Amino acid sequence: MIEIEDLTVRYRHKDGFFTALEDINLTIDDGDICAVIGPSGCGKSTLLYVLSGIIKDYEGKVLIDGRDVDPAGQRIGLILQDYGLLPWRTVYDNALLGLKIKDGGKGDIKYVRYIMEQLGLDGLAGRYPGQISGGQRQRVAIARSFILRPDILLMDEPFSALDAITREETQDIFLKIWDRYKVSTIIVTHSIEEAIYLGRRIVILSPSPGRIVKVMDNPLFGMDDLRLKNEFYMMEMEIRKIIKGEGPK
Amino acid sequence: MSLKRYLTYFYAAAVVVAFWYIISFIIHLPIIPSPISVFINLYGIFMSKILVHAGFSLYRIFMGLMLSALIGVPIGLAMGYTPHLDSILSPVVYLLYPIPKIALLPVVMLIFGLGESSKIIMIMLIVIFQIIVSSRDAVKGIQKETYFSLKSLGAGRMDIFREIVLPASMPEILTSIRVGLGTAVSVLFFTETFGTKYGMGYFIMDSWMRVNYLDMYSGIIILSVIGLCLFLIIDLLEFLLCPWKH
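Line by line, the protein sequences give chains A and B.
FYI, in the numbering used here the residues of the first sequence are 11 to 259.
FYI, in the numbering used here the residues of the second sequence are 29 to 274.
Rather than coming from a laboratory, the hints here were simulated on the basis of the structure.
Quantities reported herein were computed from a predicted structural model and do not represent experimental measurements.
Be aware that a few hints might be false.
Calculated pairs, DSSO-like style, for lysine-lysine (alpha carbon to alpha carbon, straight line, at most 27 Å) [what the hints assert, rightly or not]:
| id | chain 1 | residue 1 | chain 2 | residue 2 |
| --- | --- | --- | --- | --- |
| 1 | B | K172 | A | K66 |
| 2 | B | K179 | A | K66 |
| 3 | A | K110 | B | K129 |
| 4 | B | K273 | A | K71 |
| 5 | A | K24 | B | K172 |
| 6 | B | K77 | A | K110 |
| 7 | A | K110 | B | K225 |
| 8 | A | K112 | B | K32 |
| 9 | A | K192 | B | K168 |
| 10 | A | K66 | B | K168 |
| 11 | A | K110 | B | K32 |
| 12 | A | K116 | A | K192 |
| 13 | A | K112 | A | K66 |
| 14 | B | K273 | A | K24 |
| 15 | A | K112 | B | K129 |
| 16 | A | K116 | B | K168 |
| 17 | A | K71 | B | K168 |
| 18 | A | K239 | A | K254 |
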């Protein structure tokens, strides 16, 4: 479970402070998947940096399973916008990086093989990130997180750099694996479509400084062929209105 | 490391030799002999006269570069990775870097004697600063986002050093050694003109004094080939240490 209470994050710069996030209150239950959506620069990434222990300087309370954020003690899966792969490690070594740091490289090899297979990476194990496509790199990042068996999973615009077809494919693969292991997940995105497709709950943030405008349950989550359905477009319109400040608050 | 790339060295060598031949043909003075007579001379004296000098030079330059790297790379990486250390050592490095250390040869020879160590130390004194500064800047140039994945995994400083700092700066470290190699050849030549009867520098200067231009050019060719071989060794190192670059 992720609990966020009165979280405010300020960045220090030359002439004072810049408030990135203000008064964020949010609880994500075990096995829930929550999409955070907001315009560029609203502090979405900052939220993930706080949850992954990269930013330690914040006000308020952030708890993972009742404990303060501690990357060394907890297992935090983080998938970055640029995938966060190490160019000098092979696909296989990148996928196992989490295990290497956490457990000295020891883990369930069967499970590793299963994840690699599911993500279509078994033939690419010996390649370097520079030798594979963007979609494949993204799948390596997803593999790394699942192989880690994380307590929570954080994703920062994970699919935004992919072309439309690859994006939808990768989203489907992700949902399939996620559905099996149901890790508490936060996905940050600027795409409304992606939020509806991947989020059981959708959190809408305001432009900078980011505040929560609305938290909505997404009844469409997990529906088959969702992208082809009328409700999908209705929901998209509704969220668009809220973001523009016209909808019900 | 394709064969094709190395074939281009032969084209380059052919072009240089052709130029040399044309110039020797036009100027027609003993100071610029024809490459053909130089190559014939080289073939005749390589085993009997040059090999021992080449061995000495290769040893000195190799040791000088290796010591520079063994001492300079850890210092530079530590400076880049630890801002506190950088703020202490950088002023010292900047102060010492521009001193024309070649002018210190008499001092170095007085302290370390006329033997091998003074020559190796001279090369090291000059090359090491380039390596320190390049290694430090390589670490400082790593994007901070590169560290995020490891930080979120709770990796310790040694983990981060092994997984990111060292591999990320390796290509630039090798480049700084490549640049240092060019400098080292010049320094070697200079140091070998004093207090020794061995080395390519000595051989070239001695041939010059004896007005034996064919020997002199043979020596220059061999010294260049030594430099080229060391370049190729560094290429090989890059191939082995940075496999993701290919």
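Structure versus earlier hints - violations, ascending order
3, 4, 6, 7, 8, 9, 11, 14, 15, 16, 17
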